[in-house]
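**Student:** As a plain string of letters, each chain reads:
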Amino acid sequence: MARVTAVEDRDLVQRARAGNRDALDALLARHLDDVFDLVYRVLGNRDAADDAVQDAFVNAMRGLPRFRGDASFRTWLLRIALNTARSALRRRGRRREVALATGSRFADGAPDPEERAVRSAETERVQALLADLPEKQRLAVTLRVYQGLSHREIAEVTGSTEGAVRVNYHLGIKRLKERMQ
Amino acid sequence: MSGADHERVRDLLPDYARDGLGPVQASRVAAHVAECDECAAELAVLGDLRAAAVVPSERLAARVRDALDAARATGAPAAVPEIRLRTARPWRRRLWAPAAVLATVAVALVVTRSVGPGRGTDALDSAATLMARDSVVSAPYGDWPGADGTVAGLAMLDDLSEQQLQTLLERMER
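Residue numbers (my numbering), protein chains in the order written: chain Y, 1 to 181; chain W, 182 to 355.
Bear in mind the hints are in silico, worked out from the structure with no lab data behind them.
If you're wondering where the values come from, they're calculated on a predicted model, not measured in any experiment.
Errors might be hidden in some of the hints.
Incomplete in silico selection of chain W near chain Y, CB under 10 Å [to be verified]:
{"id": "1", "residue": "Asp-192"}
{"id": "2", "residue": "Ala-198"}
{"id": "3", "residue": "Val-205"}
{"id": "4", "residue": "His-213"}
{"id": "5", "residue": "Val-214"}
{"id": "6", "residue": "Ala-215"}
{"id": "7", "residue": "Glu-216"}
{"id": "8", "residue": "Asp-218"}
{"id": "9", "residue": "Ala-225"}
{"id": "10", "residue": "Arg-231"}
{"id": "11", "residue": "Ala-232"}
{"id": "12", "residue": "Val-235"}
{"id": "13", "residue": "Glu-343"}
{"id": "14", "residue": "Leu-349"}
Think of the CB as a built atom: it goes at the ideal place given N, C-alpha and C, for glycine as much as any other residue.
Please model the entire structure based on the sequences and the hints provided.
**Tutor:** Here it is in structure tokens:
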């Protein structure tokens, strides 16, 4: 996953606002993985996540003229993605599916079929354990571990407080540790 | 290594696991993990989580690009959220010190009732510290937290039961 710097984002956002399509494409390329991962953790379904990712980027593009830069573009975009995913979840009547690996493409890239099967089983187990956490804990762990956000940035994305994020992360990791061992 | 250092290293483990630290901090974390079973176990969990990362399908980027082109053609603005960290407003900042004292007393009372005789003052102090810290904006993440012991880190939270943590959460999220 590519490292994202705020300075380069700022430059790309300015150019995208001015209608530069390459800049918009670059922002998409830089943030697609993070947005997908977050949305997938909320919805637990790959097809639903694809739809929500598309909606999130369209919403963000349309909202670019009003992006003031108070937060980083990345946290702003992830906030939009989270809101979009939550709306999709509400439309589906809160019927969240447990995120199993079946049919999914994971980032481990094991080439050997046998090793792939072993890894896949382990991956399924970890995915299911993570999916089983309450949403606030799941989001705190996801945004901290996969997106590398600080507690403060996670608070910005989730509309919570830094302290609450810290506690939710702690509870989530504690539960995962107990269940994984 | 002191308890405060343990706490700081533990806070940085997710960044270490994703290779997101500079060389100095990374070597400091590595040295601590080599001697600390608790951090080594947590790092193993973080490694398992990272191995189970999901990535989008190869066709998703093209699909989103097409959707962006279509949306640009119609040009309708969308409602987007304003991001504001839930922190004290300026007028509240002036009241922070007395409010922190009141909050400390309140949390101590709540936690005392739910703790019973088994838990000591450390848990109460940690809860109170956490509560007070939540009232102000702290330094950006990535700096080493202050060495004054006021950081409400993961190790402090270890001293609280799950029920106590939930009580804290409810109060913080009001």
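**Student:** Now, for every hint given, state plainly whether the structure supports it.
**Tutor:** We went through each hint and held it up to the structure:
Annotation: interface hint on W/Asp-192 holds; nearest CB of chain Y at approximately 9 Å, less than 10 Å. With a cut of 10 Å, the hint placing W/Ala-198 at the interface with chain Y holds, because the nearest CB-to-CB distance is about 7 Å. The beta carbon of W/Val-205 is not positioned within 10 Å of any beta carbon in chain Y (closest approach about 18 Å), and the interface hint is therefore violated. The interface hint given for W/His-213 is violated, since its Cβ lies 17 Å from the closest Cβ of chain Y, which is over the 10 Å cut-off.
Hint on W/Val-214 is violated. Least Cβ distance to chain Y is approximately 15 Å, over the 10 Å limit. Among the interface hints, the one on W/Ala-215 is violated; its C-beta lies about 19 Å from the nearest C-beta in chain Y, farther than the 10 Å criterion. At a threshold of 10 Å, the smallest CB-CB gap from W/Glu-216 to chain Y is about 19 Å, leaving the interface hint violated. With a cut of 10 Å, the hint placing W/Asp-218 at the interface with chain Y is violated, because the nearest CB-to-CB distance is about 12 Å.
With 10 Å as the threshold, the beta carbon of W/Ala-225 comes within range of chain Y, its nearest partner Cβ sitting at about 8 Å, so the hint holds. Checking W/Arg-231 against chain Y: minimum C-beta separation of about 7 Å stays under 10 Å; hint holds. The beta carbon of W/Ala-232 is positioned within 10 Å of a beta carbon in chain Y (closest approach about 5 Å), and the interface hint is therefore held. Checking W/Val-235 against chain Y by beta carbon gives a least distance of about 5 Å; that is within 10 Å, so the hint holds.
This hint holds: W/Glu-343 has a C-beta 7 Å from the nearest C-beta of chain Y, less than the 10 Å allowed. For W/Leu-349, the interface hint holds, since its Cβ comes within 10 Å of a Cβ in chain Y; the closest pair sits about 6 Å apart.
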